[in-house]
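Please take these sequences and the hints and turn them into a complete structure.
Top line first, the protein sequences correspond to chains A and B. Residue numbers for the first sequence follow numbering that gives the first Met the number 0, so the first one is 0 and each next one is one higher. Residue numbers for the second sequence follow numbering that gives the first Met the number 0, so the first one is 0 and each next one is one higher.
Please note that the accuracy of each hint is not assured.
Pulled from the structure, derived: some chain A residues nowhere near chain B, Cβ distances all over 10 Å [to be verified]:
| id | residue |
| --- | --- |
| 1 | 17 |
| 2 | 18 |
| 3 | 64 |
| 4 | 71 |
| 5 | 112 |
| 6 | 133 |
The calculated label-pair distances, taken between Cβ atoms and stated as ranges, are [unchecked claim]:
| id | chain 1 | residue 1 | chain 2 | residue 2 | range |
| --- | --- | --- | --- | --- | --- |
| 7 | A | 144 | B | 81 | 24 to 30 Å |
| 8 | A | 187 | B | 21 | 43 to 49 Å |
| 9 | B | 80 | A | 152 | 29 to 35 Å |
To list a few chain B residues with every Cβ distance to chain A over 10 Å, as calculated [claimed, not checked]:
| id | residue |
| --- | --- |
| 10 | 21 |
| 11 | 25 |
| 12 | 49 |
| 13 | 77 |
Think of the hints as simulated: they come from the structure by calculation, not from any bench. Keep in mind it's a predicted model, so treat the numbers as computed, not measured. Even glycine gets a Cβ: it sits at the ideal position worked out from N, Cα and C.
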Amino acid sequence: MWKYLIPLAFMAAPVAAQEGPFSEGSEARSWNLAWEEPARFEATVVDMLCEVAGDCANECATGRQLGLLRAADGVLTYPNKNNQGIFTGAAVDLEPFCGMQVEVDGLMIEDEYVGATNVYLVQMIREIGSEDWVTANGWTDAWAEQQPEAAAQDGRWYRNDPRVLAEINAAGYLGTGETWQEAWDITR
Amino acid sequence: MRTAIAAALICAAAPAFAEGEEVQIRGEVIDTWCYFSGVMGGPDAVQGTAHHTCAIWCSAGGIPVGLLGEDGTVYMILAIGGDDQSASGQTQLELASHDITVSGQHFARDGLNYLVIDDVVEDHGITNINHTDFGVVPGFAIPNPEG
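Okay, here's the thing in structure tokens:
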């Protein structure tokens, strides 16, 4: 049954991106997501734990999530995703700009049904005053520097990452202890 | 007088942090991007055993993890037990898809809910066995064992 439900869900979704309050001037590439809105705006890059909870001791340190405090209205938007289509977040791309005023372009997700608001996919970043955009594609390069042996293997990062493989080896692809073959067989 | 004015200016310039609310919540550790964006289908398909491998990938890849509460509220997790590595951190990675009861501080800001977890009170393991309904999401999450 599931084989049919998921394609149907995609078919039922609106195709064209909706315009949002920050869509003017945006050149963001559509991901054909049901509730995406192109959004280009100026913001300050902030450390989420510091901004939300006041825990600023390690502000902007590597590995902490970063947010965008929008200049126009003071709203805190949360970049959940960078521009790469391969399960990668945005903190690595935003880290060089932490504390700076930037302009960003990307897609805002506004879906009341699942509680998504001010959730952002960042595609391009530039410091205010700079002419040059930086594409938010930095995650895999940073990963390859940290994991040179894994990066040298064939295949996508998520097939070779030692931390991912350790989790799958420990509890299987479904997380409940099935062997690889068992998990394959029961999900076909 | 100058001291008083300076103190007042410092207070005025400081960000107005939301007051955290002490909470205890039970929920599933999810990958928020797939849940919020619908990129892989409806919300029921992007949690549990069906989405476990993808939840690992996204957590390792630095996508924020959340706690999907029993009432359907998503809490964005900013720290767990003093570990502030909310982008690719090991603590959250090991909890992907797990049903956990946590205590901590709840913050609400601009329509999203945030959680600073003080303690994982109980790890119930993976209890959402939904691959029987959805298979594996995405379909390529499990490579063919025969190559």
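How the hints compare with the structure:
Taking the minimum C-beta to C-beta distance to chain B, about 13 Å, the non-interface status of residue 17 of chain A holds against the 10 Å cut. With a least beta-carbon separation of about 18 Å from chain B, residue 18 of chain A lies farther than 10 Å from that chain, consistent with its non-interface assignment. Against the 10 Å criterion, residue 64 of chain A falls within the reach of chain B, whose nearest CB is about 5 Å from its own CB. Taking the minimum C-beta to C-beta distance to chain B, about 13 Å, the non-interface status of residue 71 of chain A holds against the 10 Å cut.
For residue 112 of chain A, the shortest C-beta to C-beta distance to chain B comes to about 8 Å, within the 10 Å cut-off, and the non-interface label is violated. Residue 133 of chain A, annotated as away from the interface, keeps every beta carbon of chain B farther than 10 Å; the closest lies near 17 Å. For the pair residue 144 of chain A and residue 81 of chain B, the beta carbons lie near 27 Å from each other, so the given range of 24 to 30 Å is met. For residue 187 of chain A and residue 21 of chain B, the hinted distance range of 43 to 49 Å is satisfied, since their beta carbons lie about 46 Å from each other.
Checked against the given bound of 29 to 35 Å, the beta carbons of residue 80 of chain B and residue 152 of chain A, roughly 33 Å apart, stay inside it. The beta carbon of residue 21 of chain B is kept farther than 10 Å from every beta carbon of chain A, the shortest such distance being approximately 13 Å. Every CB of chain A lies more than 10 Å from the CB of residue 25 of chain B, the least distance being 17 Å, so the non-interface label holds. Not every CB of chain A is more than 10 Å from the CB of residue 49 of chain B (nearest about 8 Å), against its label as outside the interface.
A Cβ of chain A approaches the Cβ of residue 77 of chain B within 10 Å, the least distance being about 5 Å, so the stated non-interface status is violated.
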